[in-house]
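Chemist: Listed below are the residues making up each chain.
2 protein chains.
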Amino acid sequence: MTERPGRVVCDITVSADGYSAGLHQTEERPFGEDGGDGWGDKLHAWFTETPEENRAVIDRMAAARAFVMGRNMFGPVRGAWDRQWNGWWGDNPPYHAPVFVLTHHAREPQPMEGGTTYYFVTDGIESALAQARAAAGDGDVAIQGGATTVNQYLAAGLIDELRLHIAPLTLGAGTRVFEGVPPLSLEQVESRSAKLVTHVTYRVLS
Amino acid sequence: MTERPGRVVCDITVSADGYSAGLHQTEERPFGEDGGDGWGDKLHAWFTETPEENRAVIDRMAAARAFVMGRNMFGPVRGAWDRQWNGWWGDNPPYHAPVFVLTHHAREPQPMEGGTTYYFVTDGIESALAQARAAAGDGDVAIQGGATTVNQYLAAGLIDELRLHIAPLTLGAGTRVFEGVPPLSLEQVESRSAKLVTHVTYRVLS
Numbered sequence: 301m302t303e304r305p306g307r308v309v310c311d312i313t314v315s316a317d318g319y320s321a322g323l324h325q326t327e328e329r330p331f332g333e334d335g336g337d338g339w340g341d342k343l344h345a346w347f348t349e350t351p352e353e354n355r356a357v358i359d360r361m362a363a364a365r366a367f368v369m370g371r372n373m374f375g376p377v378r379g380a381w382d383r384q385w386n387g388w389w390g391d392n393p394p395y396h397a398p399v400f401v402l403t404h405h406a407r408e409p410q411p412m413e414g415g416t417t418y419y420f421v422t423d424g425i426e427s428a429l430a431q432a433r434a435a436a437g438d439g440d441v442a443i444q445g446g447a448t449t450v451n452q453y454l455a456a457g458l459i460d461e462l463r464l465h466i467a468p469l470t471l472g473a474g475t476r477v478f479e480g481v482p483p484l485s486l487e488q489v490e491s492r493s494a495k496l497v498t499h500v501t502y503r504v505l506s
Numbered sequence: 301m302t303e304r305p306g307r308v309v310c311d312i313t314v315s316a317d318g319y320s321a322g323l324h325q326t327e328e329r330p331f332g333e334d335g336g337d338g339w340g341d342k343l344h345a346w347f348t349e350t351p352e353e354n355r356a357v358i359d360r361m362a363a364a365r366a367f368v369m370g371r372n373m374f375g376p377v378r379g380a381w382d383r384q385w386n387g388w389w390g391d392n393p394p395y396h397a398p399v400f401v402l403t404h405h406a407r408e409p410q411p412m413e414g415g416t417t418y419y420f421v422t423d424g425i426e427s428a429l430a431q432a433r434a435a436a437g438d439g440d441v442a443i444q445g446g447a448t449t450v451n452q453y454l455a456a457g458l459i460d461e462l463r464l465h466i467a468p469l470t471l472g473a474g475t476r477v478f479e480g481v482p483p484l485s486l487e488q489v490e491s492r493s494a495k496l497v498t499h500v501t502y503r504v505l506s
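Those sequence lines, one after another, are chains A and B. For the first sequence, the numbering used here gives the first residue as 301, with consecutive numbering after it. For the second sequence, the numbering used here gives the first residue as 301, with consecutive numbering after it.
These are computed hints drawn from the structure, not numbers from a lab. Since the structure is predicted, the reported quantities are computational estimates derived from the model, not experimental observations. Do not take every clue at face value.
Any copy will do: because identical chains look the same in the list, a pair fits if it lies in one copy or spans two.
[Said to hold, decoys possible] The calculated DMTMM-like cross-link candidates involving lysine to aspartate or glutamate, where the alpha carbons are at most 25 Å apart (straight line), are:
no.	residue 1	residue 2
1	Lys495	Glu333
2	Lys342	Glu352
3	Lys342	Asp460
4	Lys342	Asp382
5	Lys342	Glu487
6	Lys495	Glu408
7	Lys495	Glu426
8	Lys342	Asp359
9	Lys495	Asp391
10	Lys495	Asp423
11	Lys495	Asp438
12	Lys495	Asp460
13	Lys495	Asp382
14	Lys342	Glu408
15	Lys342	Glu413
16	Lys342	Glu426
17	Lys495	Glu353
18	Lys342	Asp423
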């Protein structure tokens with residue numbers, strides 16, 4: 301897996317019917333009706349239960365030098381930041397890099413342990429990507445999710461490489477990757493299977 | 301690929317966003333707005349352009365001893381059979397076995413060359429499957445499509461093994477596999493990649 305630097309990549313785990321989360325997401329069930337515990341346990345079993353088999357894929361996910369995520373992925377707080385919330389990932393988040401959070405409500409940057417700093421971007425997806433690119437230097441920027449954010453970047457033609465991790469279940473409803481995105485021409489760069497997942501990497505051609 | 305006999309299987313080619321055909325299907329464009337010529341050329345490029353690479357998968361698709369298909373897959377005639385229509389596949393169709401066509405309008409069986417006979421079933425999907433099972437003996441029955449028919453059988457819990465052939469493009473709209481089907485628990489039996497497709501085989505657990 302040789303990587304060209306400076307690309308915009310996106311890793312996202314989806315059900316066989318394309319959902320990255322189910323209906324009725326709450327703070328207690330951030331993935332909603334996800335066929336499991338509401339924390340994506342079934343969807344992400346490949347990641348949590350068989351990490352060694354998927355080591356190369358997992359390492360590649362962590363290799364980005366800056367991340368962009370939607371506010372709904374960052375946390376359950378809506379509207380003004382009237383409650384201290386620093387993400388789902390504890391004091392030392394797994395990003396170890398700048399994370400640009402899309403929001404309509406301004407907030408000061410939030411440094412965390414281990415090199416992660418959350419920056420809050422109020423002027424749109426292109427601004428967030430430009431800031432992430434500047435932070436990443438010649439490294440990759442990852443559009444981290446959720447699917448609504450991924451779909452906005454896909455629709456804007458701003459993702460170079462999309463990596464779907466397809467889990468063996470269907471959700472029937474929820475937040476679906478590609479929903480509302482105009483037709484895309486893709487090149488299948490790589491496809492590999494593991495026990496609990498099929499990984500497919502697409503280059504987005506148009 | 302050892303096969304247990306007597307199962308109900310389904311092979312279907314889908315876009316990366318799960319569509320087996322686009323919007324606005326017509327006799328001139330049976331796959332509608334399919335990202336290509338309206339005849340599924342892009343979706344099925346793996347089948348037509350790289351058959352040798354996919355030989356085992358293609359041979360397995362042809363191995364069923366009876367087939368069930370929806371009327372919209374069989375042809376563009378709607379309502380009463382006021383026009384002679386014997387399928388899209390010429391005088392010697394590739395099935396070489398009984399094909400049970402779901403319809404609301406009775407019609408006499410239509411024998412074709414090469415062992416294919418089209419039977420027209422007016423009393424529902426369970427009757428069609430029962431007839432196909434009886435015809436297949438200890439062989440497999442294939443739910444041939446389209447996606448609307450596949451979804452009816454999935455929703456009824458009547459498919460044992462689902463084989464998705466995922467093509468590298470998205471359609472954005474059309475007829476989608478799993479649409480309206482309650483959540484399914486799947487076991488990934490096999491996943492293999494080829495140049496123009498990713499093949500994933502699921503056992504349907506519930």
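Chemist: Hints first: check each against the structure and report whether it holds.
Modeler: Results for each hint:
Taking the shortest Cα distances, Lys495 and Glu333 sit within 25 Å of each other inside one copy (23 Å), while across copies they are farther apart (35 Å). For the homomeric pair Lys342 and Glu352, the shortest alpha-carbon distance inside one copy (17 Å) is at most 25 Å, but the shortest distance between copies (36 Å) is not. Taking identical chains as interchangeable, the C-alpha atoms of Lys342 and Asp460 lie at most 25 Å apart only when they sit on different chains, with a minimum of 21 Å there against 28 Å within one chain. For the homomeric pair Lys342 and Asp382, neither the shortest alpha-carbon distance inside one copy (32 Å) nor that between copies (50 Å) is at most 25 Å.
In this assembly of identical chains, Lys342 and Glu487 lie within 25 Å of each other by CA distance solely across copies; the values are 12 Å between and 28 Å within a copy. With identical chains, the CA atoms of Lys495 and Glu408 are never at most 25 Å apart, being 43 Å at best within one copy and 47 Å at best between copies. Proximity of Lys495 to Glu426 under the C-alpha cut-off of 25 Å is found in neither arrangement, the shortest distances being 37 Å within a copy and 33 Å between copies. Taking the shortest alpha-carbon separations for Lys342 and Asp359, only the intra-copy value of 21 Å comes in at or below 25 Å, while the best inter-copy value is 33 Å.
In this assembly of identical chains, the alpha carbons of Lys495 and Asp391 never lie at most 25 Å apart, being 32 Å within a copy and 43 Å across copies at closest. For the identical chains of this complex, Lys495 and Asp423 are neighbours neither inside a copy (42 Å) nor across copies (40 Å), given an alpha-carbon limit of 25 Å. For the homomeric pair Lys495 and Asp438, neither the shortest alpha-carbon distance inside one copy (34 Å) nor that between copies (30 Å) is at most 25 Å. Taking identical chains as interchangeable, the C-alpha atoms of Lys495 and Asp460 lie at most 25 Å apart only when they sit on different chains, with a minimum of 19 Å there against 27 Å within one chain.
For a Cα distance limit of 25 Å, the shortest separation of Lys495 from Asp382 qualifies neither inside one copy, at 43 Å, nor across copies, at 51 Å. Taking CA atoms no more than 25 Å apart as the test, Lys342 paired with Glu408 passes in neither setting, with 35 Å inside one copy and 48 Å between copies. In this assembly of identical chains, the alpha carbons of Lys342 and Glu413 never lie at most 25 Å apart, being 29 Å within a copy and 48 Å across copies at closest. For the identical chains of this complex, Lys342 and Glu426 are neighbours neither inside a copy (33 Å) nor across copies (31 Å), given an alpha-carbon limit of 25 Å.
For the homomeric pair Lys495 and Glu353, the shortest alpha-carbon distances inside one copy (8 Å) and between copies (23 Å) are both at most 25 Å. In this homomeric assembly, Lys342 and Asp423 never come within 25 Å of each other (Cα to Cα): the closest approach is 35 Å inside a single copy and 38 Å across copies.
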